[in-house]
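Undergrad: Chain by chain, the residues:
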Amino acid sequence: MSSPATTVPVADALPAVKMDRLPLLLVPVLALVALPLTGSFSTWVTLTFAGLAMGMIIFIIASGLTLVFGLMDVLNFGHGVFITLGAFLATTVLGSMSAWTESESLIRNLGAIFPAILVAMVVAGIVGLAYERVIIRPVYGQPLKQILITMGGMIVGEELIKVVWGPESVPLPLPAAFRGSLLFGEAAVEKYRIAAVVVGLAVFAILYWVLSRTKVGLLIRAGVHDREMVESMGYRIKRLFIGVFVAGSALAGLGGVLWGLYQQGVTPQIGSQVNVLLFIVIIIGGLGSVGGCFLGALLVGLMANYTGFLAPKVALFSNILLMVLVLVWRPRGLYPVVNR
Amino acid sequence: MILKSLFSGDMPRSRVLTVLLLLILAGLLLTPFVFPGAKSINVAAKICIFIVLVSSFDLVLGYTGIVSFAHTMFFGIGAYGVAIALTHMGPTWGAVAAGVAVALVLSLVLSLVIGLFSLRVKAMFYAMITLAVATAFMTLASQLSDLTGGEDGLSFKVPTILQPSFSLREAPFLGVSLDGKLISFYLLMAVTIVLFLVMLRIVNSPFGRVLQAIRENEFRAEALGYRTVVYRTVSNVLSALFATLAGCLLAMWLRYNGPDTSLSFEIMIDILLMVVIGGMGTMYGSVVGATLFLVAQNYLQDLMKLGSTAASGVPFLRNLLAPDRWMLWLGLLFILSVYKFPTGIVGKLRARLRSAT
Numbered sequence: 001m002s003s004p005a006t007t008v009p010v011a012d013a014l015p016a017v018k019m020d021r022l023p024l025l026l027v028p029v030l031a032l033v034a035l036p037l038t039g040s041f042s043t044w045v046t047l048t049f050a051g052l053a054m055g056m057i058i059f060i061i062a063s064g065l066t067l068v069f070g071l072m073d074v075l076n077f078g079h080g081v082f083i084t085l086g087a088f089l090a091t092t093v094l095g096s097m098s099a100w101t102e103s104e105s106l107i108r109n110l111g112a113i114f115p116a117i118l119v120a121m122v123v124a125g126i127v128g129l130a131y132e133r134v135i136i137r138p139v140y141g142q143p144l145k146q147i148l149i150t151m152g153g154m155i156v157g158e159e160l161i162k163v164v165w166g167p168e169s170v171p172l173p174l175p176a177a178f179r180g181s182l183l184f185g186e187a188a189v190e191k192y193r194i195a196a197v198v199v200g201l202a203v204f205a206i207l208y209w210v211l212s213r214t215k216v217g218l219l220i221r222a223g224v225h226d227r228e229m230v231e232s233m234g235y236r237i238k239r240l241f242i243g244v245f246v247a248g249s250a251l252a253g254l255g256g257v258l259w260g261l262y263q264q265g266v267t268p269q270i271g272s273q274v275n276v277l278l279f280i281v282i283i284i285g286g287l288g289s290v291g292g293c294f295l296g297a298l299l300v301g302l303m304a305n306y307t308g309f310l311a312p313k314v315a316l317f318s319n320i321l322l323m324v325l326v327l328v329w330r331p332r333g334l335y336p337v338v339n340r
Numbered sequence: 001m002i003l004k005s006l007f008s009g010d011m012p013r014s015r016v017l018t019v020l021l022l023l024i025l026a027g028l029l030l031t032p033f034v035f036p037g038a039k040s041i042n043v044a045a046k047i048c049i050f051i052v053l054v055s056s057f058d059l060v061l062g063y064t065g066i067v068s069f070a071h072t073m074f075f076g077i078g079a080y081g082v083a084i085a086l087t088h089m090g091p092t093w094g095a096v097a098a099g100v101a102v103a104l105v106l107s108l109v110l111s112l113v114i115g116l117f118s119l120r121v122k123a124m125f126y127a128m129i130t131l132a133v134a135t136a137f138m139t140l141a142s143q144l145s146d147l148t149g150g151e152d153g154l155s156f157k158v159p160t161i162l163q164p165s166f167s168l169r170e171a172p173f174l175g176v177s178l179d180g181k182l183i184s185f186y187l188l189m190a191v192t193i194v195l196f197l198v199m200l201r202i203v204n205s206p207f208g209r210v211l212q213a214i215r216e217n218e219f220r221a222e223a224l225g226y227r228t229v230v231y232r233t234v235s236n237v238l239s240a241l242f243a244t245l246a247g248c249l250l251a252m253w254l255r256y257n258g259p260d261t262s263l264s265f266e267i268m269i270d271i272l273l274m275v276v277i278g279g280m281g282t283m284y285g286s287v288v289g290a291t292l293f294l295v296a297q298n299y300l301q302d303l304m305k306l307g308s309t310a311a312s313g314v315p316f317l318r319n320l321l322a323p324d325r326w327m328l329w330l331g332l333l334f335i336l337s338v339y340k341f342p343t344g345i346v347g348k349l350r351a352r353l354r355s356a357t
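Heads up: the sequence lines are chains P and F, in that order. Under our numbering, residues 1 to 340 are what the first sequence spells out, in order. Under our numbering, residues 1 to 357 are what the second sequence spells out, in order.
If we strip away everything but chain F, and leave its shape as in the complex, we get (with noise of 0.2 Å):
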């Protein structure tokens, strides 16, 4: 029952999605003592961040039906807040949440204009519209550079319990030291859960049915009552929240940020292939189709590697097979999803138990 409520009674209903949701978790939880190294912690890490974004751009594209392509604006206002504040404030609780709280109200009154002044037109109108103004945004950090360092950006410390250099106690626990990273990795876990079960409340909430019934048929939704523009702008307020709150983790743990790391389009690109390889409109899709893609990004590389070793006679399909072109094979995934299985992997997996029984 507690299981229930907390999930907001949004189960995953299916045998292999809980398994695999249940060994993404405990892959995540365990990975400074599974895997140690660098290279994993800081995949599981990203792997959180892009949960929590990635759930955020669901809540827009996957329940409301409006694409957006300001997402990652609001991902690096809130990078930008808390690396600011960080550089200015000096490395103390008080910057975080002066940036975080900074960051967030900008969002909330960027996301409202851009709503209630664009939201009207039609789908792919404000596509193009959130183009634009994402692309005039990234241009603008980049050339405030006494604000934002520029194209250089900015690194910063972060409080002192989270530098790497503290220590816990001085002998490792299970042969893991017991640094600032490590409390850094657990308390941004930590957070990625709780945001996240927040979003799922929000969407099986009865605001969220709303959203969906938008999406389904606006002109029905505002038959029934609803004013659907109201509800399209509230719901890309929240998404840009939530967005905002990963690019302040984000930042938290790179102690690093510039316009390429939050703000580029090409993460756009990346969000809006872990939503739809995932699943729309399904919140576990974010956390598949993250997991998936930054797995993917990080270590389909050394099998594609192998791959093109083996075909090095063929050129062309060596190239094919050629490490830094994986983005293909995901693309090619991508459309396969949006033609196939619209509701991506975690639609795929939930059908295929309703049809069994």
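Excised from the complex, chain P in its bound form (with noise of 0.2 Å):
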């Protein structure tokens, strides 16, 4: 009774999805297209190494925003309290550390930053459980009450940050051993840049090697691509969600310690003002996707970079231009989600 149509080979029944990789080619379009404007070889290098730096603490923090509303739809507005409690709880411990800090030594450096990272994500991400369960648990499914209330959450968390650290803005020097330039021949690399990109690099591929590899992670991705679906093959996609929401505020805490080491000092304010530069990002990426949010986290860094070399009236909109000309491109972001 068969018919022939039945009798498909199972490689052609389940066609491998192609991976879009014009998006990938942009990161060196921009960096060849700066090349020749630039004018010298050595300061494209310290250019694009300080963009590419600054991209990857900018992912950091952007990952776990990215990741809760691919999951969930939820948009956090009040991300950026936990970004500004890491910096201010690595002022907190840096600061009773300053012997470690002020050593030559860079191991005692590392003793002391390690720490201050380590308090920074457990707090943020008991600070996000807790935010989880008050602030947006009743406001599921309602985009308008979760744009207000989570704006509510960073209101409040902007204030609470205030009571207990003080309204002003507080210096957070670097560690000693990580002040300085390298020099590659003619070209100037900020040591600390080369840490930023190496945390940068090891939180991507943990990430990527989490979402690819594991069960979890399998599951976190067909939950962004369809939640329905995985919610009715049995899996509790709220306490997954849960997780994710934890490690993403961990993981704004982190960025919250990079960030404030970056800027060398916080301001209550610094998480409120990222709010909109991490809202590009993501809108850049393709709401939802952790490897077009990590693309587009560079781009602007590297725009920025540049754009603030060669033209700083530009570089302050070079971020926005850039989200428009990739909106012009692909409407929905590099990396679009299906089904949103």
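Since no wrong hints were added, every one of them can be taken at face value.
Result set (DSSO-like, lysine-lysine): computed pairs, CA atoms no more than 27 Å apart in a straight line:
#1 P/Lys215 / P/Lys238
#2 P/Lys238 / F/Lys122
#3 F/Lys46 / F/Lys157
#4 P/Lys145 / F/Lys122
#5 F/Lys46 / F/Lys305
#6 F/Lys46 / F/Lys181
#7 P/Lys145 / F/Lys348
#8 F/Lys39 / F/Lys157
#9 F/Lys340 / P/Lys238
#10 F/Lys181 / F/Lys39
#11 P/Lys145 / F/Lys340
#12 F/Lys122 / F/Lys340
Bear in mind the hints are in silico, worked out from the structure with no lab data behind them. Here the structure is a predicted model, which is why all the values come from computation and not from measurement.
Dock the two chains into a complex; use the hints.
TA: Here you go:
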């Protein structure tokens, strides 16, 4: 009875999804376009590396936001609070270990930074858990209320941070071994940016590994793709979401430490100030996509550094300009998540 | 009957609310006489300006269900329009008219473009896009220092009759000198009342009903044959125009404008707090919200100073009650509003009446 049509080869029945590689070219293309404009090769190396480092930090703070959005359709306008929190915790921890941070030894510096990052991530994660329970839980599926309530979360969070650490800006000096630059030929590369790139790559590698090689990652990706399907297969996506939310808050805490060190100072407003930047990055990447977020962050970082050098007045618009250009090319971002 | 048509049939519908509104009106009207001093008249003027601004925001947020973070952009356009015109054309009424007209046209075009391009997308996406646009606009305003005075802003003179040095008659009336400041204040009040009544008329017109239908269920409104994108865009444009007029009023009153006075994101958050606490989707909520917020901003701090001194022995509590932390308490009130009484103070007062009868 079987007709010829049912005997298709297995490989045809489930064709492999072709990886969309075009957006990956954007980063090298942007860098190559900038090369003749900057004039000298060594300046270009310096700018490119600085841009990549900035992009890595932006990626770390934005990754949690985009995952949460992809999985639960919740856009957390209060994400910045976790960044501020992480940065202020770093000032407290590093401030109390000044003997270690002022030491020239890299080991002792790391011995100060490591606990600072750990504290920032753990506390931000715990606060994130409470935040999800109290603030977000009651408003799933109500976009209007979500926007309002997470804005409220940001206002209150920022004020509470002022209650604990005061409204003034707090300096966050780099540990001694991370100050200054290394010279590669003519090009100067700041030591701290190298560290930021290392951390950024590590975070990306871990996220990539978790998402593509573990079962949890499989479920998260499936949830981002089609939440109802995962639910109907019996997985409790809300529990998964809480895990992602806590991880995202912890990453924001880590990003806050890196961002605070990058700015060498922390104000209670840094979180709400980067909010716009984060939204631009995840819009460029395609809402909900981690790979897109990574690309978007690198592009924004590079663009900011090139334009900052070439045309400082344009620099303030560069990220919005980039967003408009990307949206003209791909109206739903570089890697749009299906079904949205 | 006249009263009813003046209020477009949308009466306060609660005795407490009516009394509250009358108190606010009387308070504002009598401010120069009852609470003499520069601070109180400034607060009263700001309340008037924000009543217009917050009502216009309520038109999109409360009545149409759109979250836009670009509202202060239109406020700023109005303020800069008047400021730039008066700076370059001298203190004449012609300059005021030109400034207002140019600002209105610019707001109309901008809001139309933003609306048509992005109102089709989801609520969150729209919120994000408007946030980016507003940020870009603020950067632009502080960069074009030749035109806008950059970060320093613009100080300018207003037409003679509104200048503080102008005097209507030598002798003070009831202890208050009849100067240009007083004239500006009452002019401001009159414009506020007119604009508020016009907005009340809009939301209670058939057009306003369609907006509410879209807010409640966009899909159903579309199915009924209304082109929702058109309605949402028109609502967005109208709201932008009223915000622009509020901006013009602000510039006329302050005789100064800069990025922080009319464009900053803090103002956007303030408006959001006023709308939600006062009551979304009830024009009267804007009056209550704006008054409560500005009175709190200017006078709650004194109260908190008392609390802070009383708790000076307790380190953490002392910081919680510090006068500068007043936003914390309003923020909490905001969150509670969104959860517990989404129609804000006004909705709560009206609901009480309904359950009583």
